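Residue numbers (this note's numbering), protein chains in the order written: chain A, 12 to 397; chain B, 12 to 397; chain C, 12 to 397; chain D, 12 to 397.
Just so you know, the hints here were simulated from the structure itself, not pulled from any lab data.
Computed from a predicted model, the values in this text were never measured in an experiment.
Heads up, some of the hints might be wrong.
[Said to hold, decoys possible] Cβ-to-Cβ under 10 Å is the rule here; a few derived chain C residues that face chain B:
1) 214
2) 244
3) 308
4) 354
5) 355
[Said to hold, decoys possible] Listed next, the stretches of chain B that the computed footprint assigns to chain A, with coverage defined by at least 3 CB atoms under 8 Å from CB atoms of chain A:
6) 29–42
7) 77–90
8) 105–112
9) 156–166
A virtual CB, placed ideally from N, CA and C, is assigned to each residue, including glycine.
Protein chains: 4
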Amino acid sequence: MILTDSLLDFFLETREHTETICRPLAIEDYVVQPIVDVSPPKWHLGHTTWFFEEFILRPHAKGYTVFNEDFSYVFNSYYETVGERVVRSDRGNMSRPSVEKVYAYRTYVTNAMKNLFGKDQNQELNNLLEIGIHHEKQHQELLLTDIKYILGNNPLLPNYSETIKEHLPFSHQQEWISVDEGIYEIGHDSDSFCYDNELGRHKVFLHSYEISNTLVTNQEFIDFINDNGYQKFNLWHAEGWDWVTQNNITAPLYWHKIDGEWHHYTLNGLQKIDPNTPATHISYFEAFAFAQWKGCRLPTEFEWETAQQFFPWGQRWEWTESAYLPYPNYKKADGALGEYNGKFMVNQKVLRGGSVATPIKHTRATYRNFFQTNLRWQYTGLRLAK
Amino acid sequence: MILTDSLLDFFLETREHTETICRPLAIEDYVVQPIVDVSPPKWHLGHTTWFFEEFILRPHAKGYTVFNEDFSYVFNSYYETVGERVVRSDRGNMSRPSVEKVYAYRTYVTNAMKNLFGKDQNQELNNLLEIGIHHEKQHQELLLTDIKYILGNNPLLPNYSETIKEHLPFSHQQEWISVDEGIYEIGHDSDSFCYDNELGRHKVFLHSYEISNTLVTNQEFIDFINDNGYQKFNLWHAEGWDWVTQNNITAPLYWHKIDGEWHHYTLNGLQKIDPNTPATHISYFEAFAFAQWKGCRLPTEFEWETAQQFFPWGQRWEWTESAYLPYPNYKKADGALGEYNGKFMVNQKVLRGGSVATPIKHTRATYRNFFQTNLRWQYTGLRLAK
Amino acid sequence: MILTDSLLDFFLETREHTETICRPLAIEDYVVQPIVDVSPPKWHLGHTTWFFEEFILRPHAKGYTVFNEDFSYVFNSYYETVGERVVRSDRGNMSRPSVEKVYAYRTYVTNAMKNLFGKDQNQELNNLLEIGIHHEKQHQELLLTDIKYILGNNPLLPNYSETIKEHLPFSHQQEWISVDEGIYEIGHDSDSFCYDNELGRHKVFLHSYEISNTLVTNQEFIDFINDNGYQKFNLWHAEGWDWVTQNNITAPLYWHKIDGEWHHYTLNGLQKIDPNTPATHISYFEAFAFAQWKGCRLPTEFEWETAQQFFPWGQRWEWTESAYLPYPNYKKADGALGEYNGKFMVNQKVLRGGSVATPIKHTRATYRNFFQTNLRWQYTGLRLAK
Amino acid sequence: MILTDSLLDFFLETREHTETICRPLAIEDYVVQPIVDVSPPKWHLGHTTWFFEEFILRPHAKGYTVFNEDFSYVFNSYYETVGERVVRSDRGNMSRPSVEKVYAYRTYVTNAMKNLFGKDQNQELNNLLEIGIHHEKQHQELLLTDIKYILGNNPLLPNYSETIKEHLPFSHQQEWISVDEGIYEIGHDSDSFCYDNELGRHKVFLHSYEISNTLVTNQEFIDFINDNGYQKFNLWHAEGWDWVTQNNITAPLYWHKIDGEWHHYTLNGLQKIDPNTPATHISYFEAFAFAQWKGCRLPTEFEWETAQQFFPWGQRWEWTESAYLPYPNYKKADGALGEYNGKFMVNQKVLRGGSVATPIKHTRATYRNFFQTNLRWQYTGLRLAK
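For reference, chain A alone in the conformation it holds in the complex (with noise of 0.2 Å):
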């Protein structure tokens, strides 16, 4: 357990790398949500004011005036316990709360938040402000690349800045990890703050399998595509193939064919491909259809977490073959809270590793990200296993 002083001091860390992450924008970029799945800036900045306000100040904090009780409709995300809501595709049809409002918001919460943190310590109140805080910080990575949605599918094609790099310098030689068969343990093991999807540490056996020390390139992938990957229906799932038909897939998300060379959108705007970085933004049904073609496979999440010590990771999420299942002896938590994760483990896939997107402090070796398998507004990309 960290100490209070170091917590509140990462709380308000967090607090205002959010807010930092938004300054590149117009307040015109805080309202907007092209698809379903991505929320307006300003919602993201509500919401995780929001939970704090809703699970520490509210039933916590003695006194505490709520700033405004609408907002607990408007900023609530899925949590039923809670109460109504708005309907998710509508955030993006609010033009209230005013930006300016919001961020008001934001100060009066993280000031109330210093103030019952600086007089009323407990374990309790601390481990609900650990949660917090780490919500927040999922939130920065959504943030991030919803941030990336909504100025890479507006014709004009803004950039957000000129500093940040979506593509890390990396030259390791491709090579092949070897693994044998054996028990091995899965699952977060320390006292450090961990999601409840992570806990129950057990035993898998794994059979002896290899993994790429390195993941897929951009180069890679404009090969199965000049391959005619797209076409080539038995590299796909059924349900991947219809995906790809019915929505007219030729290459992965924000890419464009520009007079005959490949370019994509990054946050410092259109950009050429460099063929040598990890190939991105492809959703589980591609990383599966590019692993067919290259004869391999994806590894399972028990593979990637008894591997990873072996190869660099934490510049794309990586999709595995895995479910999104509860660990055995999985319990979720009480109340409101117990709809964090385990309501979320049916038809997803598991992500392994971090992105460019994901703050510091942020994931870990036993770090279970998920997402659906059609979608690839994240930083995906994929690690080949055989």
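Please build the complex by placing chains B, C and D on the supplied structure of chain A, with the hints as guidance.
Okay, now just chains B, C and D, sitting in the frame of chain A:
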């Protein structure tokens, strides 16, 4: 034909009035599009500007430099002749160009127009200018009703302005005006401006009829609701009944029953309904069902035009029983401007009159407004005939 | 009023003719519903029978025992007054009652009707009988066009019959009939049967016009296709253009281009198109675009009715420019039969004439058929006016 | 490997059994498709026949004449390799080929197969034949459940047969079977037939667990309903809860509450529910929610396979918690037959066991059935674990 000086004044007045309508808005309010029929205020500001640039400056102003070539794609509404455009339902997904940039675009184009009409006057240009002005006036009305929808659909129900009045004082006694059967002339017949769909003054034979001097009031509509008018299928068209049941319609748009009393959202915020003002925000389907319930009917647009001199109008657009069809010998204009009216002449109903949102000098006795039968975000009301 | 004896004969003839239409069918053909607009033949057989049972036998035949109480639910079409019914789109999902049982139902009801009208004659019953007969005749037309759709939509393109002729010989020279401006009378005006929507004979003023003595031919439609009529947006209504692009429409329904030559599915199977017979199976949208392309227009239903004595008609239902609206002083009948026509008087177009599928004695100069603007599985054609 | 003689007998038996299942049907029952998941019985008869023609007779029987070239288009299910096919949702729109013709097709192909296997035996052909037989057996199960849906969805609720029994007598006491932690072997391991998805016998590590010897009963499901299990969102997955609310689910499929008592449609018609027989026709979502309510969970497929020798099974297909994924070293077959299983290995759940609709010799301890999480027209039940 108006002399150019006063036409130029008319132009400048109109440009300014559009911006006056937007003055009470927050930046965020300019961006959203809660339903496909509503356009973001930002889009109206840009589109009315693009109209002058595309149809007057680009072809006729020597040496004119287009403000931004991408804006043609962004701000074209439905002119297929003029090329590709943003899909209507995507207008609310675009945070850029920013509101500030759109105002700069307005200033740039207004100045270029002043310049052009300061030196290069001729009949053809004046005709185009006049159309452009009236086009912008049409959008002023939509702008105000779209703003109402944006704010009235927000859970916080914010005020637009304290001073605007949706309901003008009115104290006429309801009476029936009788009109004898005979041949009457319909359509525009003077040198003043009108749209192509009003032209072709022609004769119609009308059987004798009676038409009410007053509009149906909120109290009458409450009586209809209380008599279960929304539950009696035999008052409705089959298509209207489907609309009622599928959308669970039980009252006009913006009506809320709070503690047993009817309120409605207005541009001054949520208010108790005044029983004696004209009912508004009803669809054609509702207007028709109400008339059936009263044992009356809606007037045709010919009956309305023939009798309009005998009653006050201009508070509500009034649904008629007439389908929106071309008058005998209707000719649509050449080129892109030919797309203005004619291509909508199917499956819509004519509305006559004008509303509190209609700019001055914009409506007249021969004006033909038109909407689909399910729409009700305009200030739509009804007048009975028999 | 027809005397009862001949009315009873008319009834029996009509009942038999319905069954004659079904004679070429396989049992399987009676069951399917490839699109929601088409009903299974089995359903037509049952529904026309239920109409007599529900509106005549049940209320008026003393001691009559209903054949099967469930059939009211199964065979009601749209009469809300009469209670719950199978959703229209589910008609093709019901294998039972079997075809054999439906024929038994027909015999049972026909016999009970014979019985009733053998003893209990009066004006009210005769009126109901007459409506029931005409109702069944309307369904005979739908039955034949639904059968055509069922077979013509099957990949095996089976013949319905060798003997039926869709295209009657025709050899008139195209000429323009001129009609002077003036007041004309419109609507039904005799003791013979008509529907409520034809009643209320009334005056209309027509400006002078010309109308073609012949229908547009297949050759003319091929010329329209060859001139890229389906690709020229400015010939179409905005709604029509959406229909064309969303459904990828490039020719009339049932047309197939095989080895460079146009064929169409007919009730005699797939055949080469005869260029000199009237075009058919086109939507209102197509009829309108074709007329625009010719520099002409569609006649109104009033123009058609006024001029019909001067040209042959009855091969194709002819689209008019008129929206389907009530005549002045239109009154709908009381009770369930009031649902027959009036509730469809919105967002549909009037068709005049009759077609090769129309049973004898079923159409007349004042008959008003009506369909939505996108439908084309009826034998719909067009006649030009200017 | 089975010797050819008995394999040919097995083939003939299987062909005959398919027809036996259809014997109680009326011709009309062969044709309809009330939901997209259900195929018309006629289609099953044709498709299982086409499988032999396409994969055995066409490539391997010298001089074989295809029965009808169009049938490949009509009866292909999902084999992209083999070419174009009727869209799945259109299967119920095709009245032709007639049932009689489909039976003629069956006889023709069965005879050609007899002929071929009377002279031309070899290992490759035998392997194909074996797959074809098991393919037809799989369709026998679907055929029966599709028939149940067709009749059970009909408002007349007709009987299929008096003699078939959906509920076998069962009198075991509920007990928990304990299994120790350790490494277990999973997957098929003998010369007898199995599908490719069962192959690759491999090791898994299981933590200790308990599994019930009996299936959940109707009485337990009624208790769940009575305790408002369908209204408690926290028992459900988020996706399951959406399914419940959007489809207004309040009980298993085919359940009707009549005068306060639960009935269900069975192949013997509508019957009172026997509280002591296993619950069936539930989706994975319902199975999961029920287990949550009991404070238990569903077993994984590995737990099930390891323990199956200790409990009776075969009455209901049993939902497991396992996602349908490839076993380690899974290899899909070459060519069209490679499309059999592998391409469905995403977003589905494994079911284990077998049901009253499963043909004899068709299931085994390693058999992996799989369906989407919302489907419930199969005889699906559940067994608890903890």
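Numbers of the earlier hints that this structure fails to satisfy, in rising order:
none
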